[in-house]
Amino acid sequence: MALRYVLKRVVACVLMALAATLVVFLVAHTVPADPVLAQLGDKASANPETVARFRTRWGLDRPLWQQYAIFLAGLARGDLGESIASRRPVMDDVRQYAPATIELSTLAAFLTALVGVPLGVLAAVRRDRLADHLVRLLCLFGVSAPTFWLAFLALALFYGGLEIAPSPGRLDAGAVPPPHVTGLFLADSLLARNWATFRAALAHMILPAVVLAASTVGLVTRTTRASLLETLGQDYVRTARAKGVAEALVVRRHALRNALLPVVTLGGLAYAELLAGTVLTETIFSWPGLGRYTYQSAVALDFPAILGMTFLVAAVYLVMSLIVDLSYVVLDPRVVRR
Amino acid sequence: MPTARPIPSSTRPTRFGTLLLVLLAALAGARPSPVTAAGKTTLVLGIDISDSRTFDPARQFEYSPPTTMRAAYETLVTMTPGDYVHVKPLLAKSWKLVDGGKAWQFQLREGVKFASGNPLTAEDVKFSFERLINVKDQPAEIAENIASVEVVDPLTVKLVMADKSQPLLNILSSVTFAVYDSKTVKAQGGTSGKDAEKADKATAWLDQHSAGTGPYVLTSWVRNSELVLERNKGYWRAPAAFERVVIRHSSDSAAQLLALRRGDLDAAFNLTPDQLNGLGRDASLRIVSTTSLDFLYMTVTSGAELNKALGTRAARQALAHAIDYDGIIKGLMAGQATRPATFIPVGLDGSTEALTKEIGYREDLPLAKKLLTEAGLAGGFSFKLTYAKAAIAGTSYDVVAQKIQSDLARVGITAELDPMDQTTLRTQYKEGKSQSVLTFWNPDAPEPYLWAAASIQRVAKRVRWTVPKELTDLVTRAGGEPDPAKQAGYYREYQKALVDQANYIMLVQPVFRVATSRTVSDFDLTAAGWVVDLYDVKPAE
Chain W
1481 MALRYVLKRV VACVLMALAA TLVVFLVAHT VPADPVLAQL GDKASANPET VARFRTRWGL
1541 DRPLWQQYAI FLAGLARGDL GESIASRRPV MDDVRQYAPA TIELSTLAAF LTALVGVPLG
1601 VLAAVRRDRL ADHLVRLLCL FGVSAPTFWL AFLALALFYG GLEIAPSPGR LDAGAVPPPH
1661 VTGLFLADSL LARNWATFRA ALAHMILPAV VLAASTVGLV TRTTRASLLE TLGQDYVRTA
1721 RAKGVAEALV VRRHALRNAL LPVVTLGGLA YAELLAGTVL TETIFSWPGL GRYTYQSAVA
1781 LDFPAILGMT FLVAAVYLVM SLIVDLSYVV LDPRVVRR
Chain V
149 MPTARPIPSS TRPTRFGTLL LVLLAALAGA RPSPVTAAGK TTLVLGIDIS DSRTFDPARQ
209 FEYSPPTTMR AAYETLVTMT PGDYVHVKPL LAKSWKLVDG GKAWQFQLRE GVKFASGNPL
269 TAEDVKFSFE RLINVKDQPA EIAENIASVE VVDPLTVKLV MADKSQPLLN ILSSVTFAVY
329 DSKTVKAQGG TSGKDAEKAD KATAWLDQHS AGTGPYVLTS WVRNSELVLE RNKGYWRAPA
389 AFERVVIRHS SDSAAQLLAL RRGDLDAAFN LTPDQLNGLG RDASLRIVST TSLDFLYMTV
449 TSGAELNKAL GTRAARQALA HAIDYDGIIK GLMAGQATRP ATFIPVGLDG STEALTKEIG
509 YREDLPLAKK LLTEAGLAGG FSFKLTYAKA AIAGTSYDVV AQKIQSDLAR VGITAELDPM
569 DQTTLRTQYK EGKSQSVLTF WNPDAPEPYL WAAASIQRVA KRVRWTVPKE LTDLVTRAGG
629 EPDPAKQAGY YREYQKALVD QANYIMLVQP VFRVATSRTV SDFDLTAAGW VVDLYDVKPA
689 E
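Each protein sequence line maps, in turn, to chains W and V.
When we follow this note's numbering, the leftmost residue of the first sequence carries the number 1481, and every step to the right adds one.
When we follow this note's numbering, the leftmost residue of the second sequence carries the number 149, and every step to the right adds one.
Rather than coming from a laboratory, the hints here were simulated on the basis of the structure.
Where a beta carbon is used, it is the ideal one built from N, C-alpha and C, also for glycine.
Treat the hints with caution; some may be incorrect.
Said to hold, decoys possible - Computed spacing ranges between beta-carbons, pair by pair:
| id | chain 1 | residue 1 | chain 2 | residue 2 | range |
| --- | --- | --- | --- | --- | --- |
| 1 | W | Asp1572 | V | Thr190 | 27 to 33 Å |
| 2 | V | Asp430 | W | Arg1733 | 54 to 60 Å |
| 3 | W | Asp1572 | V | Lys250 | 44 to 50 Å |
| 4 | V | Ala310 | W | Thr1536 | 48 to 54 Å |
| 5 | W | Asp1572 | V | Gln605 | 36 to 42 Å |
| 6 | W | Thr1536 | V | Leu317 | 30 to 36 Å |
Stated by the list, open to error - Calculated Cβ distances over 12 Å to all of chain V for the following chain W residues:
| id | residue |
| --- | --- |
| 7 | Arg1489 |
| 8 | Ala1500 |
| 9 | Val1511 |
| 10 | Gly1554 |
| 11 | Met1571 |
| 12 | Ile1582 |
| 13 | Leu1618 |
| 14 | Ala1645 |
| 15 | Pro1657 |
| 16 | Val1661 |
| 17 | Gly1748 |
Only chain W is shown next, with the shape it has when bound in the complex (with noise of 0.2 Å):
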């Protein structure tokens, strides 16, 4: 039963990533902007000659229907075709772009559940208290905070007034990346032992890391904390400080494990989000990730790369919600047995 439930979620899964690309494809198209502009400069866009090799060679002189065929069919390859602007295919751009993001999301998130959680909890346990209305403010904060000014904000005071942080990007200027292996450069520099470039790339990550989870975290915190108070409401909660449980046994083994798992679905989505990319702190921060890319590709109607990350993005926001609702059975055994 489990394992048909999986497999009918995977199928699912997959439709819905298509169906994702068909919209973006026929919505690219429908703009009034001819791609070939965005691509070719004055000169070469005024010949003819050019133009007309430049829409075979990238197929755009095709009907709809067969350039979305063609785009079918190489991805049941496993290919995403070729980008029109780096001329080179978009899975060799995604793998350059994606561990990167990967590296930034992943510490944003392990960032916003180690401080949002823990948050969450202490506003419950002392609702309408001060710490309350501190961690209540600092969350109003974080979510309603523009990233770009956050980022800058950041950016001022840590690398350019207290010196801590060191510069925008991965690595300080002109220094050796680790050899590439997963292209993380946390996981590489550790595989190849070097303990310098590991602390370089971590230092490196944390503001932005910081400037990401600062939305995440208010999220998080506020779903932990009402769904917290929600939980220690009920009868059973109840019934366990009528046996003598100590308040802290309660709080963590019988609230919090089912307070949980509203928590676990935002999180997943919200790390679904860091990882699609975050356009303004990865500008700031000179981060050469994903976001980035996909913005680029999208002024320029870059039809390839623009599916290419649709498909990606659609896909990871359906497997993320996926291993949510997985999650699940080990959480709350009773989601099975329902």
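Got chain W; can you put chain V on it based on the hints?
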């Protein structure tokens, strides 16, 4: 509701605290050591290189790569900063017109070696230019006047022109005409044959390496991140001053400024006018500048079917005389700009600031009103002004458009602002569907004919102007004229005609400004295409 009691401190927050401390320690530990001027071996430049898509000379056609290209590759002839009229020798030590003016013959310098150690020969020039033409990528467009390349002897090469009435020499100073090591490029899958469009496979290698004679060698490029150049040890002149040049990608000007101030960058290329003006107080920095060959201009259609008023010349002229040009340059560009009379930027043969004063438009409201009355539009008229969400030298088009709108309102002309994205605008504009567009022009190579020809050919179509044959002939005559003084005379006549026609209104020709640290010197900017010749830059004494 039960009263909640505080949770004991032995749980998570402490472990979290330890982790945070570890992270902070890592952050503090990686603080870079300060850069000292003495013994400076690496030059670090902060540039927005997000437009870079290749470093293959036969394919590269974007805005930022020429600075890198020019450090790794050299051309037959070049231009020195500030002089875009007279070409100077580089790989060629002399040249002359031969075969009755149908071909240019170049005498190559002896003893020049590529970074690979292979000697430079005429064969390499032939291979490079033929590959450029046959790969048929964008840069091939500006090589259209090369009909064939002939090797006369190992150090003599002849370029036969397709049309001897069209210019070639100045264009050869562009990095597009980089000469590369044919042996190395062939070994990496390069070919210059007729089938090069499909058969050539050298681009991937050329994106990560260079095969030129330049003072530096490209050793790595990570897209949207950084690229590294290393000193070419066998360079034919004195070796370059730095062991390494790192070009650090940064598309945020505020972050560039912070990095420059911290000493992590030696130069910041993309600062805004406000940021540059705020640098005056900082003694450790200096601003270097040069007038660019770029310009921001406004096109006005002649198509009465798009806008009845603009279809009359007097109405277009009235519009041109109602703009406060000095206000734009002083108020919006912080005075860091000039303005050409029409479609040839100041600095090229035939275009000077004096000429702009003499024949260009000037703000003259009574004249504008008189012209409006002449056109039967005493009550004014309205039109749509389209522009992209972009900026010139850090000043957004939005601001310029608003200024024009308020200027024109003074004579009763209403500009309806119509901002849109770049690609949509180009699509609409190229099809001649725009009434008026605020847009940008930057050079392929410092040859005035490229501007003049565009203005009466493809750009004229976009503004629905049917160019008279006499004017076309005049431009052809100017293009083929070898004597700069005579050529300037022809171009002067051409510019007068364009000003009278009033389809193009030049607004701003910005000054390039780069902020550099005082730890480096000889940072001489050029407008010829490559911003700065990195070979000139040295550590400060």
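How the hints compare with the structure:
Distance hint check for aspartate 1572/W and threonine 190/V: the Cβ-Cβ separation is about 29 Å, which falls inside the suggested range of 27 to 33 Å. For the pair aspartate 430/V and arginine 1733/W, the supplied restraint of 54 to 60 Å holds, since their beta-carbon distance comes to about 59 Å. Under the hint 44 to 50 Å, the C-beta atoms of aspartate 1572/W and lysine 250/V, about 45 Å apart, fit the expected range. Take alanine 310/V and threonine 1536/W: their Cβ atoms lie about 25 Å apart, and the range 48 to 54 Å is violated.
The hinted range of 36 to 42 Å is satisfied by aspartate 1572/W and glutamine 605/V, whose Cβ atoms lie roughly 38 Å apart. Here the CB-CB span from threonine 1536/W to leucine 317/V is close to 34 Å, well matched to the stated 30 to 36 Å. Taking the minimum C-beta to C-beta distance to chain V, about 32 Å, the non-interface status of arginine 1489/W holds against the 12 Å cut. Every C-beta of chain V lies more than 12 Å from that of alanine 1500/W, the closest at about 22 Å, which supports listing it as non-interface.
Against chain V, the non-interface label of valine 1511/W is violated: not every CB pair exceeds 12 Å, the least being about 7 Å. At the 12 Å boundary, the C-beta of glycine 1554/W stays outside the reach of chain V, the nearest C-beta of that chain being 20 Å off. Remark: the non-interface label on methionine 1571/W is consistent with the geometry, its nearest Cβ contact in chain V lying 14 Å away (cut-off 12 Å). For isoleucine 1582/W, the requirement that its beta carbon stay farther than 12 Å from each beta carbon of chain V is met, with the minimum near 16 Å.
Remark: the non-interface label on leucine 1618/W is consistent with the geometry, its nearest Cβ contact in chain V lying 15 Å away (cut-off 12 Å). Against the 12 Å criterion, alanine 1645/W falls within the reach of chain V, whose nearest CB is about 6 Å from its own CB. Not every beta carbon of chain V lies more than 12 Å from that of proline 1657/W, the smallest distance being close to 8 Å; the non-interface claim is violated. Against chain V, the non-interface label of valine 1661/W holds: every CB pair exceeds 12 Å, the least being about 16 Å.
Every Cβ of chain V is farther than 12 Å from the Cβ of glycine 1748/W; the closest lies at roughly 20 Å, confirming the non-interface assignment.
This entry does not satisfy hints 4, 9, 14 and 15, going by the numbered hints stated previously.
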